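S.K.: Next come the chains, spelled out residue by residue.
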Amino acid sequence: MDLKFLVVDDSITMRRIVINSLRNLGYNNFVEAGEGREALEKLSTEAGINFIVTDWNMPEVSGLELVKAVRSDEKFSSIPILMVTTRGVKEDIVVALQAKVNNYIVKPFTPQILKEKIDQILQVS
Amino acid sequence: MKQISNMSDLFNRLNDLKFAFKYGQELIPMIQSIIDFVKETVPLLEDINSSIADSTNKIPRVRDQINNISDSTELATTEILDIVDSISNDISNVEEKIKASKESESERQKHWNEIKEILNKSGHTQLIDSYESSDQNSILSSEILNTLGGIKQKVYNITLSLQVQDITSQQLASVNHLIEAVRAKLSSLILLLDDKEISNVESANSEVCESTTFDPNASYSKSPERQELVDDLVKNNLDKTSQEEIDKLFS
Chain R
118 MDLKFLVVDD SITMRRIVIN SLRNLGYNNF VEAGEGREAL EKLSTEAGIN FIVTDWNMPE
178 VSGLELVKAV RSDEKFSSIP ILMVTTRGVK EDIVVALQAK VNNYIVKPFT PQILKEKIDQ
238 ILQVS
Chain P
-16 MKQISNMSDL FNRLNDLKFA FKYGQELIPM IQSIIDFVKE TVPLLEDINS SIADSTNKIP
44 RVRDQINNIS DSTELATTEI LDIVDSISND ISNVEEKIKA SKESESERQK HWNEIKEILN
104 KSGHTQLIDS YESSDQNSIL SSEILNTLGG IKQKVYNITL SLQVQDITSQ QLASVNHLIE
164 AVRAKLSSLI LLLDDKEISN VESANSEVCE STTFDPNASY SKSPERQELV DDLVKNNLDK
224 TSQEEIDKLF S
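Residue numbers (this note's numbering), protein chains in the order written: chain R, 118 to 242; chain P, -16 to 234.
Just so you know, the hints here were simulated from the structure itself, not pulled from any lab data. As the structure is a prediction and not an experimental result, all values here were calculated from the model. We put the beta carbon where it would ideally sit given N, CA and C, even for glycine. Please note that the accuracy of each hint is not assured.
Here are the simulated BS3-like pairs of lysine-lysine, each with C-alpha atoms no more than 27 Å apart in a straight line [what the hints assert, rightly or not]:
| hint | chain 1 | residue 1 | chain 2 | residue 2 |
| --- | --- | --- | --- | --- |
| 1 | R | K232 | P | K135 |
| 2 | P | K85 | P | K168 |
| 3 | P | K205 | P | K218 |
| 4 | P | K218 | R | K185 |
| 5 | P | K168 | P | K41 |
| 6 | R | K159 | R | K232 |
| 7 | R | K217 | P | K218 |
| 8 | P | K137 | P | K82 |
| 9 | R | K185 | R | K159 |
| 10 | P | K223 | R | K217 |
| 11 | P | K82 | P | K41 |
| 12 | R | K121 | P | K135 |
| 13 | R | K207 | P | K205 |
| 14 | P | K93 | P | K80 |
| 15 | R | K232 | P | K205 |
| 16 | R | K207 | P | K218 |
| 17 | P | K168 | R | K232 |
Not everything, but these chain P residues come out facing chain R in the computed CB check (under 8 Å) [unchecked claim]:
| hint | residue |
| --- | --- |
| 18 | R46 |
| 19 | T142 |
| 20 | F197 |
| 21 | N200 |
| 22 | S206 |
| 23 | Q210 |
| 24 | L212 |
| 25 | V213 |
Work the whole structure out from these sequences, hints included.
M.R.: Right under this line is the structure:
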């Protein structure tokens, strides 16, 4: 499957690390956003985004708000969302799952975990 | 009789007055020491007040310094990532060249086989052995490729370790938030002690709340436990969702 990733993180460093890791897994198509509002704009303006990797803690519109906005929009609701965040507390994970993220990774992540989660999401969907 | 009673009243009043004076005389040193104590305390309180005001005024500078640290580390991390990317690209270029060289090597090998046949026929076996023992190109190329692969992986591991920058910047933002809370408390304390208000407290607070987002529990831990907890919860959620879908189908 040819994936076009939307990588959302307010940290430039993290965006580069995620994109480098995805590139190492063989993916080459990326769009970047620094927070949720920009991500929603990119979703509307950039055609063909079919996978979202997002952080949680971001200014303006957070990752969780982004997930809710995507899930409530008919056009984008089926796009798989992988959350990559420092939030490893049970309550947070439950909240994210209730908001319907497809999978969840706690930072710092390893490339193996990233691959595993993307593969799991693609198998289910 | 009435005159005697009046005199007796007068003496009683005089006695009361005498006791009052007597107690008054005893109280005066106590009151004096209270006054002295208050006099001594006032400069102390003023000192405390000015110390609190001084500390409170320093907090924005501390906050700015913490923000500077965050910005500087992000800048430094970006520079490291640039260098790491450049090294990775160089390694990839060298790998491609070695692979190309290995491909041309197989062409060379074909030619060598033809020459070898001619040399064999003419009985120059020693020459063949000598040439083949000195020709290590193919082995070397494979070894270099393996080494480069290892270096590439190590370079990539540097990239992964730089996740620490994002995590520490969240930790610093959390510290900043705490410092700002302390500043607000100190400022309200100053308002109680003195009528002076520390400037820009309100604006500083709102600035922190609006522009910083962080996880107060962020930590750079490579322990798998946190991800395992996530995986369990995700699995339970998936199982629950599947069961709900099955229930829906049969209801």
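S.K.: Could you work out which of the previously given hints the structure breaks and list their numbers from low to high?
M.R.: 2, 11, 17, 18, 22
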